[in-house]
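S.K.: Here is what each chain is made of, one letter per residue.
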Amino acid sequence: MGKKMQISLTVNGEVHYILAEPRELLIHTLRERLGLTGPHIGCETSHCGACTVDMNGRSVKACTVFVAQADGAEITTIEGLGSPDGLHVLQRTFREHHGLQCGYCTPGMITRAHRLLIENPNPTEEEVRFGMAGNLCRCTGYQNIVKAILAAASEMNAKEAAE
Amino acid sequence: MNDLTPSREERIANLKGLGSSRKRVEDVRFTQGKGNYVDDIKMAGMLFGDFVRSPYAHARVVSINADAARALPGVVAVLTAADLAPLNLHWMPTLAGDKQMVLADGKVLFQGQEVAFVVATDRYIAADAIELVEVEYEELPVVVDPFAALAPDAPVLREDLNGILSGAHGPRRHHNHIFLWETGDKAATEEALGAAEVVAEEVVYYHRTHPCPLETCGCVASMDKVNGKLTVWGTFQAPHVVRTVASLLSGIEEHNIRVVSPDIGGGFGNKVGVYPGYVCAIVASIVTGKPVKWVEDRMDNLMATAFARDYWMKGRISATKEGRITALHCHVTADHGAFDACADPTKFPAGFFHICTGSYDIPVAYVGVDGVYTNKAPGGVAYRCSFRVTEAAYFIERMIEVLAIELGMDAAELRRINFIRKDQFPYQSALGWEYDSGDYHTAWDKALAAVDYKGLRAEQAQRLAEFRAGRTRKLLGIGLTHFTEIVGAGPVKNCDILGMGMFDSCEIRIHPTGSAIARLGTISQGQGHATTFAQIIASEIGLSADSITVEEGDTDTAPYGLGTYGSRSTPVAGAATALCGRKIRAKAQMIAAWLLEVHEGDLEWDVDRFQVKGAPERFKTMKDIAYAAYNQAIPGIEPGLEAVSYYDPPNMTYPFGAYIAVMEIDVDTGEHAVRQFYALDDCGTRINPMVIEGQVHGGATEGYAIAMGQEIAYDEIGNVKTGTLMDFFLPTAWETPHYTTDHTETPSPHHPIGAKGVGESPNVGSVPAFSNAVHDAFRPFGLRQSHMPHDHWRIWKIARDLGLHG
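As you go down the protein sequences, you meet chains A and B in turn. Taken in order, the first sequence gives residues 1 to 163; the numbers are from UniProt numbering. Taken in order, the second sequence gives residues 1 to 806; the numbers are from UniProt numbering.
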């Protein structure tokens, strides 16, 4: 066991101070200390993206980020994207277009899609497929995920145009 | 009647019953990160278990020293076989009538095998402690090739079976032999092959792969020593069977065990078996009196739990010169790994492989399957397939292509002239199945027309001419498949798992205000049961699917059932659900008769109500009736409105489909691009078209992975070469093809609502479609058979070996 570090991080707008070994993985901090079990663990090697969260404005795979690297970071998880009373557009379009089945990849998938649409608010199908390639799904074959993301993009753009 | 009275059509639409693309109720939780998967479970004082695993594929365990591990602060226990032996839990029975080591007992037989179980207060300490357990091994010769395993001087793998000449499935003819399973008429098949005008012969290998759901396997076991009750939450596709097995193994009475499958992050067959991790977590909880969690990591998952396939299929198929098939002979060498832990109904050690006559009217056939031990992980699960149906479909669809080459015929036409005709159903196959229904010609013609098959062949010929003229380096392949599945295991008379008949169940309870809860013996792993089973009930009893909660997976509350795998939920539990709804309706009819003061026979059912025949304005809706069931004293009728049904299916169901893949292949790089994928499925009555389409997309993507790159590969000393997602191919959104789905609808004649099951069809059908496309591209250059997976390297080698690299 290594020496513990004091770490502060802001998750979904709330500041947390924790004492942790620097080797602790961010995904375990989120899931086990903070009770945010939306992000999942699928591979521990950065391939599957089930653990995707937003850190300082970028998509990261929380299974391969040490909590020490997240000191001072702003983090958003699926729990911070929407609420039961105010779902994020992507949370609605994923359901509307049957973009999920077992649900295990979904939190990471939506969190990544959220960042993708900030990076590129008007993507083509090809850009969505490329931009989502870090997130694996074993159930859907992606076709409806892509549809859901494109639908969310056009809905968000239409809303912006109206405003 | 006034304008506010809904029309009959509106009443039907309001039910969201059969045929409705109802949005899924599960998604509300999942999209908000509020699923509840096993690793999300957190209990006070919970401990974490993890395995010391063998680095060797075959070795004697000389000694295990866990002193340093035990001394590490936070380590609570280290269990070895010696600790489990007094409880007789160091070995456990497998689903296939064999036994398997829970922890290494004297030797290890595959890389990744469980050697010791470390229990600690957190997962980091458990991981540290694993490194501190010193195991001394003495390496033994390794056998990874099932043919070499049967050599007379091959090393003895299973010393525990020394001198035991008969296994669960008959005689063993060699120390590494498990069984020979045979069916069909061998002599008549040989005779027909001998007399045939044309015979095609080929060895078709369906390589070893893995279901690899995104969530690995795991459990939390909690022994409450105060009330003597054991609760196990886990990734179980068959929770009730797990409870029974846990009771038989532990001696704890079954009523004192509660098994719960929470949300499951994909199963695909991986979560049918019973694994050492479950046993060790339960034992550790009993020993420590604390909840113990065990969750595999991805390497554990790929190395140790539940491989699929690994079938070497040697086939001979004969035909007349005109292409009429006269006989089929198949011998399989099945690599089962170190323990025979295949997940099949007990009496079928090769599953339903003998559906391998496929969609064709073949007069005589024979199948023999030899099961063999090797130094590989145990498993042999049905990876999105109904017990070796995928292997069978791949085999026959490759043999048809090879026969087409032998005959110089178009493979689409060869299929067409050999299809079982619509008027032949119910059809008795040469290998003993009774196909319930089908209309293959209609499906085939629709598929060929949809892709403009003639146009594709013309384009392909044009491309070939350009290739030969040096104007392109890309070939075009057209991959055809017409598959027939056999799903919905199964009739209790011949289908059981560990002695438990493969029926399934549903219980429906109507609440006074006209909503309901239904509980089933199955368990969804993403299939959307909470959505679709409510639709079946809605159509049967006339309450909206939105007013029906569906619960599964808790053995304390759900009726006993055999679980979800082999596309059995809709054929078996779906039938139980419909019949249970009909029981409710029968009682509701008696109540309605009393309320309307008429004879029961004077009532007729209409969508959501009983109405008086000839006077439809006199009616009672199911909602009215439900209320009356709880607040009226009706002479001769018990209060309440609920029912339970257990359904023993009279036969399997036989979904089928026509899949066509069109692929561009670069002969210089071995790269491919799927230009088109058309999938026509006939799964009988369609409950939720949206869910069906989703199943087809997902299953076809799994099939794409298997055909084009996914494998569990070993080197010659038994090292797993594909132990992470770096090497084990799971396609991303980038390489996954676009799918076009289509359907015909041939209801099952024996299923109460005519449904057949669809979850596995796309995996069964797409693998041969993709593989046939690769083969078809190279057919003009003489390619007959090249084994999957068709990754870039292997396709490049095909081109090189055919002399296409100049």
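Hints may be right or wrong, so weigh each one.
[What the hints assert, rightly or not] When the alpha-carbon atoms are kept at most 30 Å apart in a straight line, the in silico DSS-like pairs for lysine-lysine are as follows: (1) B:Lys225 - B:Lys42; (2) A:Lys159 - B:Lys23; (3) A:Lys159 - B:Lys42; (4) B:Lys583 - B:Lys613; (5) A:Lys147 - B:Lys34; (6) B:Lys583 - A:Lys147; (7) A:Lys3 - B:Lys587; (8) A:Lys3 - B:Lys290; (9) B:Lys42 - A:Lys4; (10) B:Lys422 - B:Lys99; (11) B:Lys290 - A:Lys4; (12) B:Lys99 - B:Lys721; (13) B:Lys229 - B:Lys186.
Since the hints were derived computationally from the structure, they do not count as laboratory data. It should be emphasised that the depicted structure is a prediction, and the values quoted were computed from it without experimental measurement.
S.K.: Work down the list of hints and note, for each, if the structure agrees.
M.R.: Results of checking the hints against the structure:
Restraint check: the Cα-Cα separation between Lys225 of chain B and Lys42 of chain B comes to about 19 Å, which is no more than 30 Å; the hinted pair holds. Among the hinted pairs, Lys159 of chain A with Lys23 of chain B is consistent with the structure: their alpha-carbon atoms are about 24 Å apart, no more than 30 Å. A hinted pair counts as satisfied when its Cα atoms are at most 30 Å apart, and Lys159 of chain A with Lys42 of chain B does not qualify at roughly 41 Å. A C-alpha spacing of about 21 Å is found between Lys583 of chain B and Lys613 of chain B, which places the hinted pair at or below 30 Å, so the restraint holds.
A threshold of 30 Å between alpha carbons decides the hint, and for Lys147 of chain A with Lys34 of chain B the separation of about 23 Å falls inside it, so the pair holds. For the given pair, Lys583 of chain B sits about 41 Å from Lys147 of chain A by alpha-carbon distance, which is inconsistent with the 30 Å threshold. Between Lys3 of chain A and Lys587 of chain B the CA atoms are separated by roughly 69 Å; this puts the pair beyond 30 Å, and the hint is violated. Between the alpha carbons of Lys3 of chain A and Lys290 of chain B the distance comes to roughly 28 Å, so the proposed pair stays at or under 30 Å and holds.
Restraint check for Lys42 of chain B and Lys4 of chain A: satisfied, since their Cα atoms lie roughly 23 Å apart, inside the 30 Å limit. For the suggested pair Lys422 of chain B and Lys99 of chain B, the alpha carbons sit about 45 Å apart, so the restraint of at most 30 Å is broken. With a CA separation close to 27 Å, the supplied pair Lys290 of chain B and Lys4 of chain A stays within the 30 Å bound. Using a Cα cut-off of 30 Å, the hinted pair Lys99 of chain B and Lys721 of chain B holds, with the two alpha carbons roughly 26 Å apart.
For a cut-off of 30 Å, the pair hint linking Lys229 of chain B to Lys186 of chain B is broken: about 53 Å separates their Cα positions.
Of the numbered hints stated above, those contradicted by the structure are hints 3, 6, 7, 10 and 13, listed in ascending order.
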